[in-house]
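Visitor: For the record, the sequence lines run as chains P and S. When we follow the numbering used here, the leftmost residue of the first sequence carries the number 1, and every step to the right adds one. When we follow the numbering used here, the leftmost residue of the second sequence carries the number 1, and every step to the right adds one.
These aren't lab readings, by the way, just hints derived from the structure by calculation. Honestly, I wouldn't trust all of these hints.
To be verified - In silico SDA-like links for lysine to any residue, alpha-carbon gap of 20 Å or less:
{"#": "1", "chain 1": "P", "residue 1": "Lys363", "chain 2": "P", "residue 2": "Lys549"}
{"#": "2", "chain 1": "P", "residue 1": "Lys322", "chain 2": "P", "residue 2": "Tyr424"}
{"#": "3", "chain 1": "P", "residue 1": "Lys549", "chain 2": "S", "residue 2": "Ser20"}
{"#": "4", "chain 1": "P", "residue 1": "Lys549", "chain 2": "S", "residue 2": "Cys18"}
{"#": "5", "chain 1": "S", "residue 1": "Lys328", "chain 2": "P", "residue 2": "Lys783"}
{"#": "6", "chain 1": "P", "residue 1": "Lys563", "chain 2": "S", "residue 2": "His274"}
{"#": "7", "chain 1": "P", "residue 1": "Lys563", "chain 2": "S", "residue 2": "Lys399"}
{"#": "8", "chain 1": "P", "residue 1": "Lys517", "chain 2": "P", "residue 2": "Tyr552"}
{"#": "9", "chain 1": "S", "residue 1": "Lys328", "chain 2": "P", "residue 2": "Asp965"}
{"#": "10", "chain 1": "P", "residue 1": "Lys298", "chain 2": "S", "residue 2": "Ser319"}
{"#": "11", "chain 1": "P", "residue 1": "Lys694", "chain 2": "S", "residue 2": "Ser20"}
{"#": "12", "chain 1": "P", "residue 1": "Lys809", "chain 2": "S", "residue 2": "Val539"}
{"#": "13", "chain 1": "S", "residue 1": "Lys382", "chain 2": "P", "residue 2": "Leu287"}
{"#": "14", "chain 1": "P", "residue 1": "Lys865", "chain 2": "P", "residue 2": "Asp965"}
{"#": "15", "chain 1": "P", "residue 1": "Lys694", "chain 2": "S", "residue 2": "Ile25"}
{"#": "16", "chain 1": "P", "residue 1": "Lys298", "chain 2": "S", "residue 2": "Pro321"}
{"#": "17", "chain 1": "S", "residue 1": "Lys556", "chain 2": "S", "residue 2": "Ser506"}
{"#": "18", "chain 1": "P", "residue 1": "Lys549", "chain 2": "P", "residue 2": "Leu521"}
{"#": "19", "chain 1": "P", "residue 1": "Lys1019", "chain 2": "P", "residue 2": "Gly963"}
{"#": "20", "chain 1": "P", "residue 1": "Lys865", "chain 2": "P", "residue 2": "Asp958"}
{"#": "21", "chain 1": "P", "residue 1": "Lys380", "chain 2": "P", "residue 2": "Ser66"}
{"#": "22", "chain 1": "P", "residue 1": "Lys783", "chain 2": "P", "residue 2": "Lys809"}
{"#": "23", "chain 1": "S", "residue 1": "Lys168", "chain 2": "S", "residue 2": "Thr555"}
{"#": "24", "chain 1": "S", "residue 1": "Lys382", "chain 2": "P", "residue 2": "Ala285"}
{"#": "25", "chain 1": "P", "residue 1": "Lys824", "chain 2": "S", "residue 2": "Ala550"}
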Amino acid sequence: MKTKFSRILTSILMVFAFGFSVQSQSISGTVTDDNGVPLPGASVIVQGTSNGVSTDFDGNYSINASMGDVLEISFVGYTTQTVSVGSSSTINVQLSADNALDEVVVTSLGISRQKKSLGYSITEVSGDQINTVKDHNIASSLVGKVPGLNITGGGSMGSGSRILIRGNNSLSGNTQALIVVDGVPINADGINSGGSVYNNSVSGGGISDINPADVESISVLKGPNSAALYGSRAGNGVILITTKKGSSESKLGITINSNVSMEDAMILPDLQNTYGQGTLAVAPATLADFTSGSWGQKMDGSNQLYYTGNQKAYSAQPDNVKNFFRTGVKSINSLSLEKGGENSSVRFSYTNNTTTGILPVSKLESHNFNVRGTSQLSDKLSIDFKATYFAQEVLGRARTGGEGVTALVYNMPRNVVTSDLKNYQKANPSSPADYAVISYNPAQSTTGNPYWMLMNDIDQEKRGRFFGFTSINYEFNDWLSGLVRVGTDITSVYTFNVRQPGHHYYSSGRMNNGTSKSGELNTDFLLTATQDITSDLNLVFNLGGNLSKRTYERLNVFGEDFKIPSKYFLNNTNNQIISETPIQTKKVNSLYAAANFAYDGFVYLDLTARNDWSSTLAADNRSIFYGSANVAVLLEDFINVDIIDMFKLRGSIANVGNDTDPYQLVQTFSVPGAGYLGLTTLSAPSTRLNPDLKPENVQSTEFGLELAMFNNKVNLDLAVYNIKTTDLIFRVPVPAATGYNFFLENVGEVTNKGVEVSLGFPVWETADFSWNSSLFYSANENKLVSLIDGIDTLVYTTTNSGNLSTQGKVGGGIGDIYGTVWSKDANGNYLVNANGRPIASNPDQLLGNAQPDWLGGITNTMTYKNWSLNVLIDGRFGGEIYSQENASLDSQGVSSRSLQYRESGVTLTGLDPNGAANAQALTGQEYWTTNAAIAENHVYDQTNIRLREIAVGYNFPDVSAIGLDGASLQIIGRNLFFFDKRMDNFDPENMLGTNLQGQGISSGSLPTTRSIGMNLTLKF
Amino acid sequence: MKNRILLLIFSVFFVISCTSDFDEINERTDALTAADVSAKYFVTNVQTGVYAPNRYPYWRGPVIHVDRYSGHTTFGFKACWWNDGLGYTYTAGYTGAVWGWQAGTNGSLNAFTNFVKPGGTLENPQYYAIALIMKGLYYQRFTDHFGMVPYTEASDPNIVTPVFDDQKTIYKGIIADLDAAMTLIGSETTTGSGPQLLTDNDLFFNGNMQDWKKLANSLKLKIALRAHGATGEDFSVAAATQAIGNVLGDKNALVTSDNEISTWGSASYGDIWHPFYGGGHWNVGSVLIDVLRDNNDPRISKFAKPIQGGTFELTQPPSGPNLALYDKHVKFLTDHLKAGGMTITETTAADGTVTITVPENTHYVGQPTRLNSKIKPYLHTKLFSKPADYITQAKNQGKPIAPKLVMTAAESHLMLAEAALKGIGSNANTHYQNGIKKSMEMWGVSASDITTFLTNESIATLSGTTEQKLGMVATQRWIAHYTDGLEAWAVARDTGFPQELPGISSTITDQDIYVLGDLNGVYPQRMRYGGDAYNKNGVNVNAANATQGADLQATKLWWAK
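In isolation and in its complexed conformation, chain P is listed as follows (with noise of 0.2 Å):
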């Protein structure tokens, strides 16, 4: 297949080669829309003559002319302009779009396209768009603007989000859509993250890296369809970055931007206020009688024993939680500075961003510089650079999960004031009790004090990154270019944590230090070749290669039991643990070729073809082929209906593939780094490797219709399709009695079957004032059809005591939730113990998905005159999510919902172990404790409506008075408030993690942050 392949390959090329012919006297260019876009396709003639040329791809065009000649430079759906030639041999021109109808959109490879000839569903979504309610992770902005895009979050600042096209693809590993920025595929490590039920911490990485300031226009690539040519790296869709180059203006551009914002709890759980710190109704008479739990009297003031040891007024303390929260503040600020000349432009932007978060102590900064070049250094010789520098450091993300900080915020006793906990340990602590942390249960040493998480436990990030690339791009002829891009990033991330002598899980301390660094390195070419094949039909072919090498290592360092406790470093710990991954290295190269026919402006198709050949797969299995075919019809004029100026009919197969690391194809033995006594000891392998594996395989159809109606002010899209993904690379969970835990396959098959609808439309038109929203619907239905012979189960996270856990099930999706609900006897009638309380089932009844039914949003915006107001509402329908932290509110008797029965209990209906009647009674607390036990009494619908979005405006006029060539303001809002939501205290979208483990369900997540703020940018 290889050497076939590759013989095709060079005949084709070697047809170019004769081709070639190289022309002097030119004048060349580039053109562009009004964000400096690239139009390739435009007519570039010499008025007057036929000497006439097509820009290519990148917008790039060379014609010959004289001095006084005019050039006439036309494209459809942009008002045509003329320049005379002068001197310069340089002429770039920026075209003014005439109608919306012939959008220019980023596709594959950075290739520009008019949007209409396309046979697949892609969608734009403009820098402003993102940067005007500004999160310093670019995914938060995307949310609820972009059909088909599931995004949710979890963590805090500095951590990233999951970003699902089209649903989970994949059984395993990475389901995450690619992010390619400027062409150059990006890494990915830390985008898959969190999960654990106890201590839960979410990273950053790949998209949260990238400054939104920097960023021109985002692509997305819903699915293998639009994303076929990044072949084996395609299966999750693509999310492409344009970033911003410098003006072809020779005055200097300065611009700056100032986007602040203020934030706090979007929503805190609705606690009682009547009963406070206690167990049985009673308040603890001595410290060893403490619980943390909220049993105790009725709250009246009188003194009573508190957890410090001394008396205290036994009363409501209505805002303890909210009072542990601080308003945190988002300051991002940037600066751009832009120049250009006839022939080279140059941008330079720096992007700082202050925040503190609502957790106190917790902080993030990050700088960004970014430099962008591009020069014609010939009349055919292009460059195109940019180097940015990203440094991000982050101090007390928040840990969630059932032992996280916020844990033991939430659950604190009522009457406990927040500020006595800031006193969470002796002063000056001399013997090693001294150091024990002091916590609202005395009693319990494993109970921990918040303030001593926050202040004692150290919690530091810092990453670095370096994203760059070079590119030259040479223009052979009118109809023949070729392009070299070298791009490269490498992230370093170290990690430093702490946990002091005296806290409440690891009494005599420990520390981890730890350095990773990965690293990509693409090198890529490309030639395009534009040929009119008939005066009708017209070919765009695109030939290209790519080297990507991958590359990640770390280094870590575990210490426990510190010598000396008061000071914090490696040397002064008892025990230490290295684990250490050596370099390890993965290289994919690549070959595809495009071939985009366009006849008579009204059929076009697309073919396209991409080899990869992977070092994680054995020398049979390495080779892979990949394609796609896409259609789009035009048939306004044949429909000849008056209103209608666009009707487009499309439909696209494609093929594309997910590999694998490395190193899953021979068994090894590892030592482990502490043996036991002292011996050295090695484990056999839990997972039987499979040298046969090869990548998964993923089909795809897609549908679509485009319309466009009354002169282009409706615009409809609608988008069906069907994923199918076979050979899924899965590490089969099988009996550990096989003498294995798992069997990494081939296996199984999962299919994604969905809808996407986007419908944009004026609302109110006057002269002055415009309403225009846009709305989308996206469904996805996920099914898993099946994994291996007598295997239907694959378990993904499992709640500490086991009464839940999200899996992928054969007939049934990936992150179906399954748990315990209370037993039933055949006939329908509840089961209770001899105690009278509920008997819980076997954890095995399904209780929801994780995924959402479908996703909704609108956008609304509305000018008049200087004004501008934009609104952003989206929702989430369907899909169900268990919250831990809800069921632990209940436990504690903190929420107040568990103010039913204290006073006089309940007697369940329900039978009891003889058959007979339940006369059991049950106290409040027994009853809830009981309740917070089984699963499905916290498992909720994760419908949710907010208002996601909102920024008022004004641009203000007449400002180059004041030597400024532009001021804008606006006000915005971010999570303002929710329309509707249905689960209890918490937002269902604040997810355990961005991986598949932390899908459905909630622990200890931090409260979702409202901000409001003002974005203002000046122009020089």
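Given chain P's structure and the hints, the job is docking chain S onto it.
Guide: Same frame as chain P, but now just chain S:
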């Protein structure tokens, strides 16, 4: 120019089609292949996997379940994190962890066996004998937790969903493996020389193959005696007779607790007690304390500490259902404290609250098992004996921590006594006394104290009917298994002794005091299969349930009384 570009593009083609370094970069640099290793390095993890797992299964297996089922230890005193009902009511996650540990241990055993078996890359008959004996030890523990488990079709990677075999099949298979192992060992004393020589990687015997042979023989006797009298068993007398005819283990096979490495690694009581879950420690059960104290057993001070004692307020609840039970709860507690002969003072305040004063650091009192959360507020932890420091010693203090028991000399002798009483062998009383003596020696009791005990205490001499004598032997086996809850629990389930264990001889019904739980007051007979078993091998688990009875803790195992 044109040619240069062409050249450039062709060189790119050349580079892209070049995959010559692909195999090399996909080879791990930080791991060993089969060619690098010796079989001895695998022995240790097989042993610790069965006896000294890491914290997670150690907590959820021995500490939360079987040690408490045995009656040796108990939770649920005041301010304890744990309610004593834990484990008597099904908790999927905790049960699942035990299944995960027990089932999962097969991995390292299987890999070791495959290396050293005939035809394996590290073939060696002595290591293979060790593998067979470890397999016997492992499966005996595994099946005694759950009953039917995968056995005959296990360890075959071509069978993804192996059937579950009944205990009779497993027991007979273990005996066959032990016989094969003993034949392989013959008169060999070591595993070979050079890299083949096993020494300190063998935590049991430092590579002494004759010790392994004796262990195999002791295990054979244990299996035979446990099966003895079970429905349809046809091998126990023959196997026990053969075992008695050979040399039994006279050396304690122990796994030294690791007192150095991370407290989260290979676990012992010590690190669970201290750095983690300080609020979750536990007390010694009352049945054990009673039998030691009431018979002046010198092991009491080795096993436990006297109660701390002091003055305690038993706060009367102002309202609620517990108010009506207050008097009953107080009486239960004070009666229990006084039962051991301790003098306590009680005063009742005007509001009904009772204050008790208890002698400090002199008396031993165990905590009754399965007390419920209603009585928990009165169960001050200082009213009950805690395990001795040697058992709960923290790591990294330079002090030893009680080892894990694999097979003890005491057990061999007590099994000989049991066999004799069952008509296999003779001299029951001599073996009985030797067993007690060996147990006391292992716990560091002085020779003179042992002699005094054996001479003066009526419990030290078998008396009464055969049934009563078997009960005495069972009780001593149960005591000798202290810190090894699974074996103590197995003895209790097999023999019905000690009869004082709540639920063992009669169903508990007093729900004012006790946890009836999902067991509804009966004694726990097995652990339920983990959710993992259902997820991965549901058809065969359900087939096992159809054969051995519903997947409940109350379902008796094949050999249970």
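Visitor: Each hint needs a verdict: does it hold in this structure or not?
Guide: Here is how each hint holds up against the structure:
1. Taking the CA atoms of lysine 363 of chain P and lysine 549 of chain P, the gap is about 34 Å. The hint is violated against a cut of 20 Å.
2. The hinted pair formed by lysine 322 of chain P and tyrosine 424 of chain P meets the criterion: a straight-line CA distance of about 19 Å does not exceed 20 Å.
3. Using a Cα cut-off of 20 Å, the hinted pair lysine 549 of chain P and serine 20 of chain S holds, with the two alpha carbons roughly 14 Å apart.
4. For the hint linking lysine 549 of chain P to cysteine 18 of chain S, the alpha-carbon distance of about 13 Å falls within 20 Å, and the restraint holds.
5. Restraint check for lysine 328 of chain S and lysine 783 of chain P: not satisfied, since their Cα atoms lie roughly 58 Å apart, outside the 20 Å limit.
6. Restraint check: the Cα-Cα separation between lysine 563 of chain P and histidine 274 of chain S comes to about 17 Å, which is no more than 20 Å; the hinted pair holds.
7. For the proposed pair lysine 563 of chain P and lysine 399 of chain S, the alpha carbon gap of about 17 Å is at most 20 Å, so the pair holds.
8. With a C-alpha separation of about 6 Å, the suggested pair lysine 517 of chain P and tyrosine 552 of chain P falls inside the 20 Å cut-off, and the hint holds.
9. For the hint pairing lysine 328 of chain S with aspartate 965 of chain P, the CA-to-CA distance comes to about 87 Å; that exceeds 20 Å, so the pair is violated.
10. The hinted pair formed by lysine 298 of chain P and serine 319 of chain S meets the criterion: a straight-line CA distance of about 12 Å does not exceed 20 Å.
11. Among the hinted pairs, lysine 694 of chain P with serine 20 of chain S is consistent with the structure: their alpha-carbon atoms are about 19 Å apart, no more than 20 Å.
12. Between lysine 809 of chain P and valine 539 of chain S the alpha-carbon distance is near 15 Å, which keeps this suggested pair within the 20 Å criterion.
13. Between lysine 382 of chain S and leucine 287 of chain P, the direct Cα distance comes to roughly 14 Å. Compliance with the 20 Å bound is thereby established for this hinted pair.
14. With a C-alpha separation of about 18 Å, the suggested pair lysine 865 of chain P and aspartate 965 of chain P falls inside the 20 Å cut-off, and the hint holds.
15. Simply put, lysine 694 of chain P and isoleucine 25 of chain S have alpha-carbon atoms about 17 Å apart, close enough for the 20 Å limit, and the pair holds.
16. As the CA atoms of lysine 298 of chain P and proline 321 of chain S are separated by approximately 17 Å, the hinted pair is consistent with the 20 Å bound.
17. Proximity of lysine 556 of chain S to serine 506 of chain S is assessed by CA-CA distance (about 15 Å); at most 20 Å being required, the pair is judged to hold.
18. Our distance criterion of 20 Å between C-alpha atoms is met by lysine 549 of chain P and leucine 521 of chain P, whose separation comes to about 5 Å.
19. At most 20 Å may separate the alpha-carbon atoms for a hinted pair to count; lysine 1019 of chain P and glycine 963 of chain P meet this at roughly 9 Å.
20. Proposed proximity of lysine 865 of chain P and aspartate 958 of chain P is supported: the alpha carbons are some 13 Å apart, at most 20 Å.
21. Restraint check for lysine 380 of chain P and serine 66 of chain P: the C-alpha separation of about 17 Å stays at or below 20 Å, so the hint holds.
22. Between lysine 783 of chain P and lysine 809 of chain P, the direct Cα distance comes to roughly 9 Å. Compliance with the 20 Å bound is thereby established for this hinted pair.
23. Under the criterion of a C-alpha separation no larger than 20 Å, the hint pairing lysine 168 of chain S with threonine 555 of chain S is consistent with the structure, at around 16 Å.
24. Note on lysine 382 of chain S and alanine 285 of chain P: the hinted pairing holds, with a Cα-Cα distance of about 16 Å set against a maximum of 20 Å.
25. As the CA atoms of lysine 824 of chain P and alanine 550 of chain S are separated by approximately 17 Å, the hinted pair is consistent with the 20 Å bound.
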